[in-house]
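Undergrad: Below are the chains, spelled out letter by letter.
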Amino acid sequence: MQQIQSLGKKTLQIISGLGRAVIILVSALMHVPNIRKGTPLLMQQLYSVGVLSLLIIIVSGVFIGMVLALQGYTILVGYGAEASLGPMVALSLLRELGPVVSALLFAGRAGSALTAEIGLMKATEQLSSLEMMAIDPLRRVIAPRFWAGFISLPLLAGIFSMVGILGAHLVGVDWLGVDGGTFWSVMQDQVDFQKDILNGVIKSIVFAFVVMWIAVYKGYDCEPTSEGISRATTSTVVQSSLLVLFLDFILTALMFVK
Amino acid sequence: MTSSVSETNLVEIENLTFKRGERVIFDKMSLSIPKGKVTAIMGPSGIGKTTLLRLIGGQIKPESGNILFAGKNIPLLSRAELYEARKQMSMLFQSGALFTEMSVYDNIAFPIREHSQLSEAIIEKIVLMKLEAVGLRGAKDLQPSELSGGMARRIALARAIALDPELILYDEPFAGQDPISMGVIVRLIRSLSDALGLTSIVVSHDVSEVMSIADYIYIVAEKKVIGHGTPDQIRNDSSALVRQFINGEADGAVPFHYEAPAYSGELIKKHSKELTK
Amino acid sequence: MVSKKVELLVGFFVALGLAALLMLSLKVANSGMGGGGESYQLFAKFDNIGGLKVRSPIKVGGVVVGRVSNISLDDQDYIPVVTLEIYQQYNKFSEATSVSILTAGLLGEQYLGVQPGFVHESVGTLQPGDFIEDTKPALVLEELIGQFLFSQGSGEDK
Numbered sequence: 001m002q003q004i005q006s007l008g009k010k011t012l013q014i015i016s017g018l019g020r021a022v023i024i025l026v027s028a029l030m031h032v033p034n035i036r037k038g039t040p041l042l043m044q045q046l047y048s049v050g051v052l053s054l055l056i057i058i059v060s061g062v063f064i065g066m067v068l069a070l071q072g073y074t075i076l077v078g079y080g081a082e083a084s085l086g087p088m089v090a091l092s093l094l095r096e097l098g099p100v101v102s103a104l105l106f107a108g109r110a111g112s113a114l115t116a117e118i119g120l121m122k123a124t125e126q127l128s129s130l131e132m133m134a135i136d137p138l139r140r141v142i143a144p145r146f147w148a149g150f151i152s153l154p155l156l157a158g159i160f161s162m163v164g165i166l167g168a169h170l171v172g173v174d175w176l177g178v179d180g181g182t183f184w185s186v187m188q189d190q191v192d193f194q195k196d197i198l199n200g201v202i203k204s205i206v207f208a209f210v211v212m213w214i215a216v217y218k219g220y221d222c223e224p225t226s227e228g229i230s231r232a233t234t235s236t237v238v239q240s241s242l243l244v245l246f247l248d249f250i251l252t253a254l255m256f257v258k
Numbered sequence: 001m002t003s004s005v006s007e008t009n010l011v012e013i014e015n016l017t018f019k020r021g022e023r024v025i026f027d028k029m030s031l032s033i034p035k036g037k038v039t040a041i042m043g044p045s046g047i048g049k050t051t052l053l054r055l056i057g058g059q060i061k062p063e064s065g066n067i068l069f070a071g072k073n074i075p076l077l078s079r080a081e082l083y084e085a086r087k088q089m090s091m092l093f094q095s096g097a098l099f100t101e102m103s104v105y106d107n108i109a110f111p112i113r114e115h116s117q118l119s120e121a122i123i124e125k126i127v128l129m130k131l132e133a134v135g136l137r138g139a140k141d142l143q144p145s146e147l148s149g150g151m152a153r154r155i156a157l158a159r160a161i162a163l164d165p166e167l168i169l170y171d172e173p174f175a176g177q178d179p180i181s182m183g184v185i186v187r188l189i190r191s192l193s194d195a196l197g198l199t200s201i202v203v204s205h206d207v208s209e210v211m212s213i214a215d216y217i218y219i220v221a222e223k224k225v226i227g228h229g230t231p232d233q234i235r236n237d238s239s240a241l242v243r244q245f246i247n248g249e250a251d252g253a254v255p256f257h258y259e260a261p262a263y264s265g266e267l268i269k270k271h272s273k274e275l276t277k
Numbered sequence: 001m002v003s004k005k006v007e008l009l010v011g012f013f014v015a016l017g018l019a020a021l022l023m024l025s026l027k028v029a030n031s032g033m034g035g036g037g038e039s040y041q042l043f044a045k046f047d048n049i050g051g052l053k054v055r056s057p058i059k060v061g062g063v064v065v066g067r068v069s070n071i072s073l074d075d076q077d078y079i080p081v082v083t084l085e086i087y088q089q090y091n092k093f094s095e096a097t098s099v100s101i102l103t104a105g106l107l108g109e110q111y112l113g114v115q116p117g118f119v120h121e122s123v124g125t126l127q128p129g130d131f132i133e134d135t136k137p138a139l140v141l142e143e144l145i146g147q148f149l150f151s152q153g154s155g156e157d158k
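Chains as they are written, first to last, in full-length UniProt numbering: chain A, 1 to 258; chain B, 1 to 277; chain C, 1 to 158.
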């Protein structure tokens with residue numbers, strides 16, 4: 001009996017949590033930042049969400065590209081197909097690794113910081129204070145962060161793929177001696193703008209949506225104590241990573257399997 | 001309610017009932033806050049004094065009852081009307097709640113920038129005036145993290161009066177302050193009230209400070225108002241509860257022990273359980 | 001409120017991101033058909049299309065002149081119909097043109113090889129929407145091996 005009751009309680013909690021999350025989402029999306037007051041806010045957030053994530057994205061992108069080239073080369077050279085190194089690296093980066101890995105790094109870097117920041121603002125009564133100043137915290141605090149994430153992640157994913165391909169070029173062409181012309185031309189032959197690049201961008205927009213939503217909701221809904229914030233930060237990273245991977249599977253099935 | 005009452009009282013709370021989950025916090029409580037005066041609401045910790053301020057500010061909604069602010073019933077207002085009403089009140093939070101990512105100057109300028117179209121030159125004058133009022137004009141370029149607790153609260157006070165509200169809600173303004181900054185804040189609350197004609201509601205449990213500045217005192221305990229009057233009336237109150245609170249006695253009408261089963265019974269029961277193991 | 005440095009860095013970040021996306025679309029992807037460049041359609045029926053896919057290249061003597069845009073079965077006779085998307089600049093194929101499905105290398109991708117037919121007064125040019133009559137189906141390895149074994153067997157009989 002008690003188990004059933006606790007199951008019911010859990011379910012109700014989940015539903016009401018989802019409801020609050022949707023309310024936050026709707027209010028954040030409704031408030032497209034207006035030009036005069038919103039631009040500086042958006043700037044600030046683009047800085048802390050986008051620019052500050054740039055370093056980790058570039059470094060990881062280069063290394064992942066280099067590793068892909070190394071591994072791919074050793075496998076492909078066995079079939080005498082090292083000319084396919086370019087498309088192999090480009091396709092895996094553009095379709096999967098670029099959007100997914102940058103979303104995971106983004107969740108770890110920007111998502112957790114965002115949850116902690118909003119949670120801290122809640123714990124130190126800054127959000128309440130805004131409300132009492134007749135300023136909607138959803139508009140002032142949440143919306144610009146949301147939009148900054150929306151703008152940043154596709155750009156970060158693009159940068160990730162690009163530097164990854166350059167890293168692969170470094171290893172494959174400059175080090176392992178694959179012909180540079182073949183590397184690019186076979187790649188161009190195999191990579192399609194709409195199918196690969198556009199779908200990658202769509203993926204990262206979806207991931208940005210998921211990561212920002214979870215990060216913002218966890219921060220806004222956390223218990224305003226130190227433990228509450230640390231728990232919220234952890235669960236932001238865990239939940240958004242899992243959801244990104246799950247959605248990636250769904251999106252891949254929709255986009256690339258016919 | 002007659003019109004004369006609403007003229008002299010800025011806030012009027014009638015039959016307020018508020019529950020948190022199953023627990024009743026306030027049960028049909030009524031009190032009124034006179035205009036232009038400093039009204040203190042005192043009581044032991046945990047009886048929902050801060051909750052009362054949030055109710056007045058419309059951040060939470062009561063179970064039943066009216067909260068009238070300048071004639072408007074706060075719980076029934078639409079979102080837009082509530083935000084409009086909040087422009088006439090401000091709240092000094094216990095922690096100060098300064099925005100950590102901006103300087104002291106920007107913190108005080110913030111509500112002005114948000115709610116007015118004034119030019120930066122005018123905003124600067126207003127900010128400097130408010131800082132001067134709390135005696136911290138020299139701190140305008142500091143970051144909130146560089147302020148001491150007392151200074152942060154004074155800055156927060158300067159921000160609270162930035163838009164010249166009619167009502168200021170002070171949430172535990174004396175808690176955790178050293179005697180000097182306590183004295184400064186006591187003086188500031190009094191002088192702001194006298195000079196600007198502000199209506200102030202001070203929620204606190206620091207008896208002596210409150211006694212020294214309040215024009216009128218409500219003592220809240222056990223879900224309702226247990227005593228009210230001017231500081232002198234309170235001092236001479238005959239109610240046992242009020243006397244205990246004012247004099248800070250450990251045991252009395254509010255018992256020292258939290259409700260529990262009989263002490264001896266619980267000890268023996270536990271003991272016997274351990275023996276049987 | 002927002003410092004110059006922040007604005008500068010944000011500008012740099014956005015520019016870098018856009019440059020990366022631009023570079024990806026120009027340098028990494030084929031910028032040909034994706035944008036819907038000028039092209040026209042021809043059709044061809046094959047008995048067997050083998051491993052031909054949508055977007056497989058169409059080549060004349062190794063030069064790409066278009067891509068396969070659709071593969072379906074004919075409504076009536078259930079023979080595969082391939083839609084050829086040919087670039088507009090190659091619009092003078094004669095009606096005697098033949099197409100065959102070829103393989104690049106031993107294990108490579110399959111593509112459509114076009115043999116432009118002779119041009120003569122009596123032979124018109126292919127108009128958009130026309131069918132190319134002369135088609136050679138894909139070579140299927142199993143059939144080839146089967147034929148080879150069969151011919152070997154019959155050879156020994158003699």
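Just so you know, these hints were derived from the structure itself, not from any lab.
Where hints are given, some of them may not hold.
Straight-line Cα separation of at most 25 angstroms, SDA-like style, residue types lysine to any residue; simulated pairs [stated by the list, open to error]:
1. Lys10(A) x Gly21(B)
2. Lys223(B) x Met182(B)
3. Lys19(B) x Arg20(A)
4. Lys59(C) x Gly180(A)
Undergrad: Would you pick out the hints that fail for this structure and give their numbers low to high?
TA: 2
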